[in-house]
Amino acid sequence: MTPPLLHRWAHLWPRSLIGRLGVVLFGAVLLAVIGNAIVLVQAEQDYGDETQTWHIAEQVETAGHVLSAIQPERRAAVADSLSSPFLTFTWVPNPAERANQGDNPASWLLRHEMIEHRPALAGLDLRLRTGTETPSKTFDGDLRLTDGSILRFGATDLPAYVPVLYAQLGSIALLSIGVLLMALFLVQTLAAPLKMLVKAADAVGNGPPVFIPARGPQEIRRVALAFNAMQRRIDRLITSRTEALAAVSHDMRTPIGRLRLRAGFLSSAEERAAFDSDLDEMEGMVNDLLDYLGGEEDPERPRRTDLPALLSTLVDNAVDAGHAARYDGPDRLPLTLRPLGMRRAFSNIINNAITYGGGARVTVRDTAKAAVVSISDDGPGIPEAQFEAVFEPFHRLEESRNRGTGGTGLGLTIARQAVTREGGSIALKNRPEGGLTVIVSIPKQDEAAQKPTQKIARHTLS
Amino acid sequence: MNSLSIARILLVEDDPAMRTLILRVLKENGFEATGVRDGRDMADALGQGSYDLVLLDVMLPGQSGLDICRELRRTSQVPIIMVSAHGEEIDMVLGLEMGADDYVPKPFRAKELLARIRALLRRAGHNGAGGGNGAGSIGSAPQDVMVFAGWRLDRRRRELTDPDGVAVDLSGAEHDLLVSFLENRQRVIGRERLLELSRARLGEVNDRSIDVLVSRLRRKLGDENRLIRTVRGVGYIFTADVILL
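If you read the sequences in order, they're chains A and B. If you read the first sequence in the numbering used here, its first letter stands for residue 1, the second for the next number, and so on. If you read the second sequence in the numbering used here, its first letter stands for residue 1001, the second for the next number, and so on.
Only true hints are included.
Facing chain A, according to a computed beta carbon distance under 7 angstroms, are these residues of chain B, among others:
(1) Ala1017
(2) Met1018
(3) Leu1021
(4) Lys1106
(5) Pro1107
(6) Ala1110
(7) Gly1165
(8) Ala1167
(9) Val1168
(10) Asp1169
(11) Ser1171
(12) Arg1216
(13) Arg1219
A short, non-exhaustive set of chain A residues, derived as facing chain B with CB atoms under 10 angstroms:
(14) Arg253
(15) Asp276
(16) Leu279
(17) Arg304
(18) Thr305
Computed far set for chain B versus chain A, every beta-carbon distance over 12 angstroms:
(19) Phe1031
(20) Thr1034
(21) Ala1043
(22) Tyr1051
(23) Arg1074
(24) Gly1125
(25) Gly1190
(26) Arg1229
(27) Val1231
Keep in mind the hints are simulated off the structure, nothing from the lab. From the three backbone atoms N, C-alpha and C, an ideal C-beta is built for every residue, glycine too.
Please model the complete structure; the sequences and the hints are all you need to start from.
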């Protein structure tokens, strides 16, 4: 759940997993760098201030010892020479001018730190006076030397310690970017199995099951295994249903065969014809079902076939049966295809044209890349919204075309199966002057490969 | 066999109802028919009497119809028609390669079965009695590839290929008409004779439909060859030489 406040930024939130992980990683690395810098700079600062204090404590102690050890008349000059721009020393012979220890916490803290580092300073009665800020960068103080005289010292604006870390910011940024890129690359490899899963899921239902290798992190491996198992279950389910349907269809032929013969014994010719027509319909359905169910693994081999001859036979048969049908096109057009499958396909399309459109006009156009077969009728056509649906198995256009013609709704499905197997395509078109045209395009792509063997065949036969 | 005598047919079919029905069809149409249920009973029946034709179902319990056909063909020249429920062309080819002479896919109409039986009996009788001229002999090794002008007709597979090896689809009637032409090549055939020769398959043919059929066949053979010529007022003549393979 995105908090309401984030809604206006929601469009910046990447859609892909890699994008999101990238943003998260970038945020995490940035936070880590900033957090580390704060903590480390503080620690370094503290350490730097402490070393500065220790350094001063050492210098003060040394100066105290040196001044105690030499003649009083030389002390003022030596104190002066011990001074540095940051720390000045002065010798004061009269102890009456001595100031008290500063009473603020900063003064006490500084005294404590110096004595902790050089305990000898405690014996020299160290007194310090500072401002209120810690660490103290400006202070003065004094020591009592062994003869009772005073060594006064003072510091003004000691240099602030600059953490080394700041100088390394460039390297740190570079390192962070490197880590980020490396992490993104690893994320990419994590996401790769997911992409494969998407591809496999897309392919489900459009052919044989697609199994994906169980690779990548454990979770994704589990998803892959579960996905494969699901595919196997679905495949088994479909196979068993298909087999059952095919077995029933197949067995239906036996009783249909008996009925055919029994119908022959009927005395009334009218009855006989009615029986035959019903049986034709039943047989057609059974054959359609078996064609459709067996369509995926049709064992037929492609061979050089004359397309006009195949179409003419279908058209002539329709004419002989008393239907309006015509063929216009070349007398000869050899193509490599599966003749039984294509005959079934064209037979279904031509029968549709005759049943629903009152007749079939078949034309063939020979183009450079394909043979284009058009089957036109003068029927009502099909609403364009239904163009895809009519190829779906068991789909029938009841509303516009219901004339009690029966059928299984498999005709065009089988036709498309067969045409697709030849690498071709099938399309529908409503003609402006009325009527439907089915356009089947069969590619000639393997023609060139076929030619050498053709030449040899011609030589041996003629 | 004398074509005037009553032909005796042996039916091998395992489905009792189907067997009864086919026997009834055969008997009502003037044949003498006996039914058996499998290959063993068929062998017994063939041992006891002689038959003019065997109608053999492909799907049989135990030994399949195809195996029975092959074995039967080894010892006998009896005409065989295979019957199958598959209705697939592949089975047809297989059956014909096993030595069957014709093929009827189930489910069939009585009329269709009778036409095939009569046609085969005529072919067998014609060759058997008259010695024939070698065309379409029954029960012998496949001799049914006919080559003419580079074209090739495989009668068992009912397959026509052109000089380039391209398969050219023929309707059943066109196939039978072409066979009639090839068997009577370089002779003028009258329309009535063609009608008679092709009648086995063509239910209701007349002079007019013979002309239509010839023009369709011409178109498929490519008219420029002038393989089939019209003899005005008489009929047709098939001009090319035919080689039997």
